[in-house]
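Novice: Sequence:
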Amino acid sequence: MNDENVHIGALLSRYLAQWRCYVPIGAVCLVAAIVFLLMTPRQYEFIARMQLIEQKDGMASEMKMLKSTGLGGLLGGMAGGMNADNEVLLVKSRRCMAEAIRAVGYQVEMRRWQGLKRVLLYGDSQPLDVTFPPSYLDTLSETLKLTIEMDGTRVSRVKAKSKLFADDVEVAGSALPCRIGLPGGDTLVLSARPSAAVPAGSYTLHVRITPLQKVYEDLSDDLFVGLEETVSDIILLSVDDESKQRGRDLLNALMEAFNRQSMSTKIKEAGLNSRFVRQKLDTVSRELSQLEVEIEAYQKQHNVPDPTLYAKAAVTGRQEVEALVLEMEARLKMLDYVIDYLKNPANRYASVPALEGVGEEAVAVYNQLVLERRRLLMVSEAGNPALVRTEEQLDEQQKMLAEALAATRSSLRASLDEFLKKNRSLDAQLDVLPTIERQYIEMKRQQKLKETMYLFLMQKLQENILVSSPDEQAARVIDAAYCSAKPVFPKKSVTLLVAMLVAFILSVGVITVRLLRPHTACPHPSPSEKS
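The opening position of the sequence shown corresponds to residue 87 in my numbering, with each subsequent residue numbered one higher.
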């Protein structure tokens, strides 16, 4: 009867008896691990932090009102809530990252063999600068490789290779600067870097020029941008890179690009309000100038005396009522401006100027959605579900805003009618004055109304100028980019552990095949069978 039980001890002893297989396989794996550590460039982790700047409540300007009384403020949210996620997407947008890539020169990698490693050269360690034609790096569609053989500060030979042209381009040696003509008419210029230390003797430089889109996609996978905590307004940026200087420069350039883009958006928003206010200011200024000319001509024509003589004829109550009427008429006029602006089809998905006393809350909610749509357009394409949802909310909010402005206007009109009724009763007391005097008083009243509107618009214009000042940023840098003390790749312990694991698996596989071979081979005949 055959024994079908597995004897672990006997099996283990048979495996251990084949120890001669472990030694060479383990030695080969160990040597491979050491060669891998010697040939692989070290990568370090770079970390940076920046804090979103929360706009303070009570700001008078329109752009500050968008943040302080916008949708996030009404829901109790801060920068670390709904808006912080949008800021994270904006940091990783192609626009910001492309600007940082250009600033650092991330598309151009220059390497040189040092021992077994092909080390990345950057900054002062880079002996040559490569100058490209305008917009060449932005329009490059395939990778371009340059092999530059140097003899001190002289170029011995340059070889260019790319899928953009069928045959490799070779240029004979020349002194720096060296021009390399490529098929298609483009010319690259190699020039010495003044601050770099030039190696002595002969050496070879390998330059790889990568298309912008490919660099952006690869960097997007390696770059981490997110909130440090779930409910936080601090954004953490992290990336791995071979060069300690390039990694720091990349994160710092990305934070600067983010602040510039955010500032540009704020300036555009403020510019919209400024254009609106300037247009109305010009109109009111012309009307006021024309009215002053008419008053002066009327006064000369009818020989009207000093207007202070008529102040004694008016009661104190009439002056107070007239001041309220002037203020309400100014608000009503500005509200009509906003309603006409909103009804214009050309201003669809455009911010509505937020003016004090004319439905600030409804306008702020609408403008917050407009700002949200613009940010989504920067980080996504048309047809994005979030963008479509935001546009639907904008259409709905526009209807609600029109209704809110209409209700506000009706309320102001009703209040104005009451004050006008009271004012008419007071005007009746002045009916005894001559017609010329009453007409003159009415003209002075219109002049005062225009002056009130003029001062109101001038104040708004000054506030918009303060909003677009360059000293305000979307985020303050808490930690400029810094490098980890130890490399994060390759790690010696992990590499040796993987080598040991691979050696063990290979050894067990080889021994198993050797142990199973006699059972699978054809059996030899016994001596009795031979006889």
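Calculated directly from the structure, the hints in this document are not laboratory data. Each hint should be verified, as a subset may be incorrect.
What the hints assert, rightly or not - Listed next, the in silico BS3-like pairs over lysine-lysine satisfying Cα-Cα at most 30 angstroms (straight line):
| id | residue 1 | residue 2 |
| --- | --- | --- |
| 1 | Lys419 | Lys178 |
| 2 | Lys534 | Lys572 |
| 3 | Lys330 | Lys300 |
| 4 | Lys330 | Lys577 |
| 5 | Lys231 | Lys178 |
| 6 | Lys354 | Lys386 |
| 7 | Lys231 | Lys249 |
| 8 | Lys530 | Lys386 |
| 9 | Lys231 | Lys245 |
| 10 | Lys354 | Lys245 |
| 11 | Lys203 | Lys386 |
| 12 | Lys507 | Lys203 |
| 13 | Lys249 | Lys203 |
| 14 | Lys534 | Lys386 |
| 15 | Lys386 | Lys231 |
| 16 | Lys577 | Lys203 |
| 17 | Lys354 | Lys249 |
| 18 | Lys300 | Lys419 |
Keep in mind the model is a prediction, meaning the values are calculated, not measured.
Novice: Evaluate each hint against the coordinates.
Specialist: So, going through the hints one by one against the coordinates:
1. Lys419 x Lys178: It is violated: about 44 angstroms lies between the C-alpha atoms, which goes past 30 angstroms.
2. Lys534 x Lys572: 73 angstroms, violated
3. Lys330 x Lys300: 22 angstroms, holds
4. Lys330 x Lys577: 17 angstroms, holds
5. Lys231 x Lys178: 28 angstroms, holds
6. Lys354 x Lys386: 48 angstroms, violated
7. Lys231 x Lys249: 10 angstroms, holds
8. Lys530 x Lys386: The hint holds at about 15 angstroms.
9. Lys231 x Lys245: 8 angstroms, holds
10. Lys354 x Lys245: Between lysine 354 and lysine 245 the Cα gap is close to 47 angstroms, so the pair fails against 30 angstroms, i.e. violated.
11. Lys203 x Lys386: Cα-Cα ~95 angstroms, so violated.
12. Lys507 x Lys203: Not satisfied, since the Cα-Cα distance of roughly 91 angstroms exceeds 30 angstroms.
13. Lys249 x Lys203: 26 angstroms, holds
14. Lys534 x Lys386: 20 angstroms, holds
15. Lys386 x Lys231: Violated, at about 85 angstroms.
16. Lys577 x Lys203: Holds. Lysine 577 to lysine 203 sits at ~16 angstroms (cutoff 30 angstroms).
17. Lys354 x Lys249: 42 angstroms, violated
18. Lys300 x Lys419: 54 angstroms, violated
Against the hints set out earlier in the document, violations occur for numbers 1, 2, 6, 10, 11, 12, 15, 17, 18.
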